[in-house]
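Residue numbers (the numbering used here), protein chains in the order written: chain Z, 1 to 317; chain H, 1 to 327.
By construction, these hints were calculated from the structure, which means they are not laboratory data.
Hints may contain errors.
[To be verified] Straight-line alpha carbon distances no greater than 20 Å define the calculated SDA-like cross-link-like pairs of lysine to any residue that follow:
| # | chain 1 | residue 1 | chain 2 | residue 2 |
| --- | --- | --- | --- | --- |
| 1 | H | Lys133 | H | Arg65 |
| 2 | H | Lys133 | H | Gly163 |
| 3 | Z | Lys277 | H | Val179 |
| 4 | Z | Lys277 | H | Val193 |
| 5 | Z | Lys277 | H | Thr186 |
| 6 | Z | Lys160 | H | Ser293 |
| 7 | Z | Lys160 | H | Arg290 |
| 8 | Z | Lys277 | H | Leu187 |
| 9 | Z | Lys160 | H | Val291 |
| 10 | Z | Lys160 | Z | Ser83 |
| 11 | Z | Lys277 | Z | Ser83 |
| 12 | H | Lys133 | H | Val81 |
| 13 | Z | Lys229 | Z | Ser244 |
| 14 | Z | Lys277 | H | Val76 |
| 15 | Z | Lys85 | Z | Thr57 |
| 16 | Z | Lys277 | Z | Lys100 |
| 17 | Z | Lys277 | H | Gln275 |
| 18 | Z | Lys277 | H | Leu144 |
| 19 | Z | Lys277 | H | Ser189 |
| 20 | Z | Lys160 | H | Gly295 |
| 21 | H | Lys108 | H | Ile89 |
| 22 | Z | Lys160 | H | Ala294 |
| 23 | Z | Lys100 | Z | Ala264 |
| 24 | Z | Lys85 | Z | Ile287 |
| 25 | Z | Lys277 | H | Gly271 |
| 26 | H | Lys133 | H | Leu253 |
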Amino acid sequence: MGRYLRRRLASAVVTLWLLATIVFLIVNVLPGDVGRRVLGPFALKEDVARFNHQIGTDRPLINQYFTTIRRLFTLDFGHSYQSGKLVNSVIFPALFRSGKLALLAFVITIPISIAAGIFAARHQDRVADRVVVNAGLATSSIPEFVTAAVLLTVFCVHWKLGKVFANPPDGTSVISQFRYLLTPALAMVVAYFGYIARMTRAGVINGLQADYARTATMKGLSMGGVMRKHILRNALTPTITVISVQIGYLFGGIIGVEKVFNYAGLGSTMLSAVTSKDVPVLQGAVILVGIIYMVSTLLADVLIAFLNPRVRLESSR
Amino acid sequence: MSDRDEVIPTFEKVISTPGMDALVASDASAASAAAGTPPEVGPSGGEQLSERQQARRENWRLIRRRPAFIVGVLIVAIWTVCAAFGDRITPHNPLDFRAGTHLSPRAKFPFGTDEQGRDVLSRVMAGSRDVLKVAPLAALLGVLFGVIVGMLMGYFGGWLDNGLGRIVEAFLALPVLLVALLAVTTLGSSSTVVIGVVAVLFTPVVARTVRSAVLAERDLDYVTSAKLRGESSVFVMFREILPNVSGPIIVELTVRIGYAVFTVATLSFLGAGPQPPSPDWGAQVSGAFRVISAGIWWTTFFPAAAIASLVIAVNLIADSVQSVVEA
């Protein structure tokens with residue numbers, strides 16, 4: 001396990017470095033200077049020059065690149081071009097808000113989709129199975145912002161069940177925050193349900209056909225017992241991987257959801273940083289998303305090893 | 001039976017390399033686990049070729065019988081007709097027809113009118129053009145790059161495979177939408193840029209699939225004998241191996257088109273795509289969703305439903321192709 005973890009960590013560092021490099025390349029491809037872009041066409045030449053000097057964009061590119069890489073390892077992304085605030089004081093609160101939304105979405109999605117997957121597998125090739133499989137395929141292929149817009153129309157405007165703007169006012173209690181976040185979270189539930197349900201279904205079907213399941217049934221274990229004690233342990237391995245990957249991909253889809261519901265999370269922060277060319281905030285946010293992805297896939301691997309003695313024992317040898 | 005049943009062991013692939021794209025394959029896993037026969041091997045003589053053609057014809061017959069495939073093709077066909085004829089078949093001019101603003105759906109305007117009094121139905125019909133032009137091209141180009149990279153990795157192996165493998169692995173961990181958004185807003189939101197960026201971001205996934213398919217073929221007798229005949233590496237890769245890995249490549253292409261529609265629509269919703277007054281679906285939703293709270297739902301709902309119908313249709317086709325090719 002130790003050796004495996006070290007290898008994974010090394011490749012995670014390489015990926016983060018690549019991510020930082022890509023961001024750096026993309027934002028420096030644009031001709032023209034950052035100061036002019038931020039301050040606008042009417043700013044005085046001297047002001048633009050002073051601003052460029054202040055933020056360091058008048059230094060050679062290679063110097064700026066090393067600064068970028070240093071920032072990646074120190075997690076200090078400097079100050080925002082737009083507001084002048086520390087980047088970390090912008091991205092971490094935003095991450096916290098997105099995290100709340102994502103947590104709610106996953107708390108709803110995981111039990112529902114695993115249950116649906118098991119149900120579909122037990123009724124393989126019958127109507128119930130077809131419904132779960134096709135509904136899962138359909139809903140998971142629709143972009144999140146489309147689902148979000150439809151749910152906004154139906155839930156928040158027609159039925160008035162949720163709030164149109166997902167930002168709860170300061171000091172709102174946890175219970176009423178729930179009302180604000182439920183509809184945007186549901187948009188994400190719809191998007192992620194299909195993958196997890198289909199993965200669970202495939203795993204359970206594999207398990208049902210396996211010799212160990214037949215043996216367990218023949219020795220007299222009830223169906224529920226076989227499912228809990230034998231099949232799910234194996235079937236959930238790929239499901240856990242899927243969930244961890246979803247957590248990484250979530251920050252792509254969440255941008256659309258946050259835009260539709262006007263939610264001040266990390267997605268909105270990234271979107272406004274992209275449009276206003278606020279490079280430090282963008283770098284910080286993208287690196288943060290990268291780190292979250294790495295950590296979640298790493299945790300999933302550890303959890304799988306914990307659940308599966310074969311992986312656990314083999315790698316400790 | 002086709003000659004590449006367990007070239008992509010979908011289930012294991014997901015376990016070993018986390019990638020959302022592998023998940024679409026999850027359904028076929030039960031079937032592919034059950035099929036354990038080794039791939040058919042043979043020289044690329046005339047007889048073998050006809051056998052391959054026969055297998056293809058059989059696959060095509062099986063696909064045509066799937067209701068999901070027919071529904072998917074029908075929906076895509078409708079949107080393709082709309083895209084091809086554009087404002088020649090729309091009931092009103094999608095760009096500057098002036099009626100009352102924000103009229104709710106009625107007989108004359110079945111989908112209502114938007115904030116400038118343009119007919120939403122006409123705009124939805126005309127809006128299919130942008131996405132149908134960009135998404136398939138992006139997917140095709142991504143698959144092309146991916147086939148080349150994956151073929152090189154699988155065929156040559158060694159340090160080339162290792163080096164490219166590291167890069168592919170790192171690219172797979174990048175949030176596609178985020179990097180695409182970043183690249184498109186910087187490089188400009190023209191169709192060419194969107195196609196290029198999406199294609200490059202799709203390349204690693206395709207490369208990984210092709211690589212594993214090529215690995216299964218590389219050491220088979222027909223490859224060895226072609227090498228012994230003194231054929232060039234390029235010939236062996238693209239004339240000998242490529243036809244034998246065409247199944248997974250076709251599956252990958254259909255799946256990629258689905259993801260491309262998804263990505264392109266989301267990008268244009270986020271402002272990195274066709275700009276107003278373009279009737280592009282994502283751009284329409286982006287311009288209209290803020291008035292939903294005032295009860296004006298039709299300007300958002302219909303373009304959103306159009307996006308949903310197209311992605312679902314493409315995925316129905318992809319799923320049918322996948323279950324037939326991999327079964």
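Verification of the supplied hints:
{"no.": "1", "hint": "H:Lys133 / H:Arg65", "result": "violated, 28 Å"}
{"no.": "2", "hint": "H:Lys133 / H:Gly163", "result": "violated, 34 Å"}
{"no.": "3", "hint": "Z:Lys277 / H:Val179", "result": "holds, 14 Å"}
{"no.": "4", "hint": "Z:Lys277 / H:Val193", "result": "holds, 18 Å"}
{"no.": "5", "hint": "Z:Lys277 / H:Thr186", "result": "holds, 8 Å"}
{"no.": "6", "hint": "Z:Lys160 / H:Ser293", "result": "holds, 10 Å"}
{"no.": "7", "hint": "Z:Lys160 / H:Arg290", "result": "holds, 16 Å"}
{"no.": "8", "hint": "Z:Lys277 / H:Leu187", "result": "holds, 12 Å"}
{"no.": "9", "hint": "Z:Lys160 / H:Val291", "result": "holds, 15 Å"}
{"no.": "10", "hint": "Z:Lys160 / Z:Ser83", "result": "violated, 36 Å"}
{"no.": "11", "hint": "Z:Lys277 / Z:Ser83", "result": "holds, 12 Å"}
{"no.": "12", "hint": "H:Lys133 / H:Val81", "result": "holds, 13 Å"}
{"no.": "13", "hint": "Z:Lys229 / Z:Ser244", "result": "violated, 23 Å"}
{"no.": "14", "hint": "Z:Lys277 / H:Val76", "result": "violated, 37 Å"}
{"no.": "15", "hint": "Z:Lys85 / Z:Thr57", "result": "holds, 18 Å"}
{"no.": "16", "hint": "Z:Lys277 / Z:Lys100", "result": "violated, 27 Å"}
{"no.": "17", "hint": "Z:Lys277 / H:Gln275", "result": "holds, 19 Å"}
{"no.": "18", "hint": "Z:Lys277 / H:Leu144", "result": "violated, 32 Å"}
{"no.": "19", "hint": "Z:Lys277 / H:Ser189", "result": "holds, 15 Å"}
{"no.": "20", "hint": "Z:Lys160 / H:Gly295", "result": "holds, 11 Å"}
{"no.": "21", "hint": "H:Lys108 / H:Ile89", "result": "holds, 15 Å"}
{"no.": "22", "hint": "Z:Lys160 / H:Ala294", "result": "holds, 12 Å"}
{"no.": "23", "hint": "Z:Lys100 / Z:Ala264", "result": "holds, 12 Å"}
{"no.": "24", "hint": "Z:Lys85 / Z:Ile287", "result": "holds, 18 Å"}
{"no.": "25", "hint": "Z:Lys277 / H:Gly271", "result": "holds, 14 Å"}
{"no.": "26", "hint": "H:Lys133 / H:Leu253", "result": "holds, 16 Å"}
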